[in-house]
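I would like the entire structure built from these sequences, with the hints used as guidance.
Chains Y and E are the protein sequences, given in the same order.
Counting along the first sequence from 1, when you hit position 18 you're at 5 in this note's numbering, and nothing is skipped either side.
Counting along the second sequence from 1, when you hit position 140 you're at 609 in this note's numbering, and nothing is skipped either side.
Everything labelled a hint here was simulated from the structure, so no lab data went into it.
One or more of the hints may lead you astray.
[What the hints assert, rightly or not] One-sided and incomplete, this derived list gives chain E residues near chain Y with beta-carbon spacing under 10 Å:
1. N607
2. R765
3. S766
4. L768
5. T780
6. A782
7. A784
8. T789
9. T792
10. F799
11. M879
12. F881
We put the CB at the ideal spot given by N, CA and C, even for glycine.
The residues making up each chain are set out below.
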Amino acid sequence: MPLLEVKNVTHYFGGLRAVHNYNLTLEPGQIRGLIGPNGAGKTTIFNLITGIYRPSEGEILFNGQNIVGLQPYQIAAMGLGRTFQNLQLWRHVNVLDHVKMARYSKITYGLVGAFFGTRKRYREEAEIEELAYHLLELVGIRRYADQLVTNLPYGILRRVEMARALATEPKVLFLDEPTAGMNPEELVQMMEIIRQVHQEFNLAIFLIEHRMKFVMELCETIQTLVFGEVIAEGTPEQIQNDPRVIEAYLGKELVE
Amino acid sequence: MAVAVQDLTPEKSALRRLWERVQGPFLHVPMLSWLVGALVAVLIELSVGNNLARLIGLPKAPVLFGVSLILKEPVLVPAAIVYIVLVYLAPVALVARGTAGWANRTVAKLLDTIPAWVVILIHLLLLYAVLHFWAEVNTYRLLVLRLTMIAIVLTVSLNVVNGYMGEFSCSHPGFMALGAYGASVFSLLFFVDDRIFGAPILPPALGPFLFPLGLIAGGLLASVGALFVAIPSFRTRGDYLAIISLAFTFIIKSVIENLEVVGGPRGLGGQPDWATLPVVFAWTVLAVWIINNFVRSTLGRALNAVRDDETAASAMTVNTRRTKMTAFLFAAFWAGIGGGLLAHVLKYVNPGSFGLQALAEVLAMVYFGGLNSVVGSMVGAVGFNLLSEALRPLEIFKWIIIPVLLILVMIFRPTGLIAFREFDVLKIIRPKHTAEGDTDHALTGS
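Here is the structure:
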């Protein structure tokens, strides 16, 4: 049984069909990529799987259980972590607390602990903090722990998103353009981080990316999405040489 | 342009230099010394205040630091200043500075030997003593002090919703009304021989001990009321809460006006005098402590996550709806407690006092003090209340000056005076050391 199985998912925004008959299977430890021109529906697919949108048709199985209709926080707590394309961080929250927040569903001290500051609360908060520092260390931004995100450069913020997503203890990690806006040096570092977390947590990773070099190097197989439909699927080499993919990206005239 | 900048910069630095010069000798003074100094000052006032005041030409010891006095009779300005310096500033400054070395050592030793909460308790007892003796001078001060502390409870709790959670709630007066009437009915029904509810059901001697139960009942009633606001308005994001909560306040007010059983528009009187200074002080400390605990926990910080980006919060496993509901009901509970205390301080409530005026005041205190900040709300509540009492002699002009002040705060500090600041009591009471690191040296070296 695959870890994640998306079967025939179709989604409409009003009369617009954003995603049509989409299928995906992910095995534990697999890295797969999703590419496609702007507006193809890549982020919509992420939002469908993580529960932000509810698919019009089709089903999504995680560990064999149908997760369609669950709330985003429930899906996240089950082990589907994600990052956002356009950096959805919390303006007034510092870096350390970003990572600690992602432990929300694992907190057991409850409201009594929160109101009265019980021993259990302080013990648990200390554990969360240790874990958060560990994750910040892993993505290499520990020294920014007490900074507000509004003061930090883009490349660091991408890593904050990464550490935050990892703190939810994902089994599948969805990365929405993890290198957008990064310079070549940061890009190489990000690739290293992804490889490292992939190994350390045996994660299945599904990523959207525009930079071919990045996708080609990391992913085992790649799907190409155009106007909500997968037009090609295969290994990086197959995709790179597929005339339909080249056509979708460059236009018909140029190919001829 | 460049000229203007050049003109401005030295002036600003001169002001700062002056401030640093004033601040300099007191940098190493810990909270304990300030409290001891204040205690000495209030004891001086209590023993010789009135005589001293008459000696320098004042009718009697000024009630609120002489502000109302000099607004009524400006000729008394010099005398009032002399009084303030002799009774407050000089003793506080001398004692605080004189005991700083000793206090630093004592606090450091105490923090090493006994649990931190005991040290905090000692500070709170000292603070209470200061307030107690200050209020001993006359009953007006006692009233102002209790109303101010209740305002702290209301402001800090409203900040949970309007600041930490970033929604705009207008239902605090409604919750206060529920708490006030709930606690009043509890007191009158069980412990007082009253025109409406008849003979007491329980022996009145038990009353003061069971009073907390009445307050909590009022608070819970407010929380139940909050449920009716929260369920429809937290389904979606947006301005719904502001509208629904405002409607709620008006509904509660008119429901009470039409309930003959609690006196209708005439109000409900005869509450026993159980909300004494120590009782109100204890409840205020409890409220601030619990609310501060909550907002500093990861469960409470989830409010900030929900406010800044709700989608991201839910993608990070935060149950956003539950978080919002909990915080809203929690804030309503404390508004109810505040209302219950208010009813027992004034010994009378009527529905008219929980309308737009009350709403404007509590909102002003929150936004004046600072969003997302417990300490800001305390400063806002104290500042606003003292100002409002002190400017009372100006009558109608008071309502010009206070709004102008609010507008100025909004222009220069849009999120309030002390916004987005953590309130850490241990940081406030810990021993302070000068740059040299040696307190004794700093003390003798000047």
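For each hint, the structure was consulted:
With its C-beta approaching chain Y no nearer than about 37 Å, E/N607 sits outside the 10 Å limit, and its interface hint is violated. Annotation: interface hint on E/R765 holds; nearest CB of chain Y at approximately 9 Å, less than 10 Å. With a least beta-carbon distance of about 4 Å to chain Y, the hint placing E/S766 at the interface is held under the 10 Å criterion. A least Cβ separation of about 4 Å between E/L768 and chain Y falls short of the 10 Å threshold, and the interface hint therefore holds.
Because the closest C-beta pair between E/T780 and chain Y is about 6 Å apart, less than 10 Å, the hint holds. Nearest Cβ of chain Y to the Cβ of E/A782: about 7 Å, under the 10 Å cut. The hint holds. Because the closest C-beta pair between E/A784 and chain Y is about 5 Å apart, less than 10 Å, the hint holds. Residue-level restraint check for E/T789 holds (minimum Cβ-Cβ distance to chain Y is 7 Å; threshold 10 Å).
Taking 10 Å as the C-beta cut-off, the interface hint given for E/T792 holds, the closest approach to chain Y being about 8 Å. The restraint placing E/F799 at the interface with chain Y holds, with a minimum CB-CB distance near 8 Å, inside the 10 Å limit. For E/M879, the shortest C-beta to C-beta distance to chain Y is roughly 19 Å, which exceeds 10 Å, and the interface hint is violated. With its C-beta approaching chain Y no nearer than about 20 Å, E/F881 sits outside the 10 Å limit, and its interface hint is violated.
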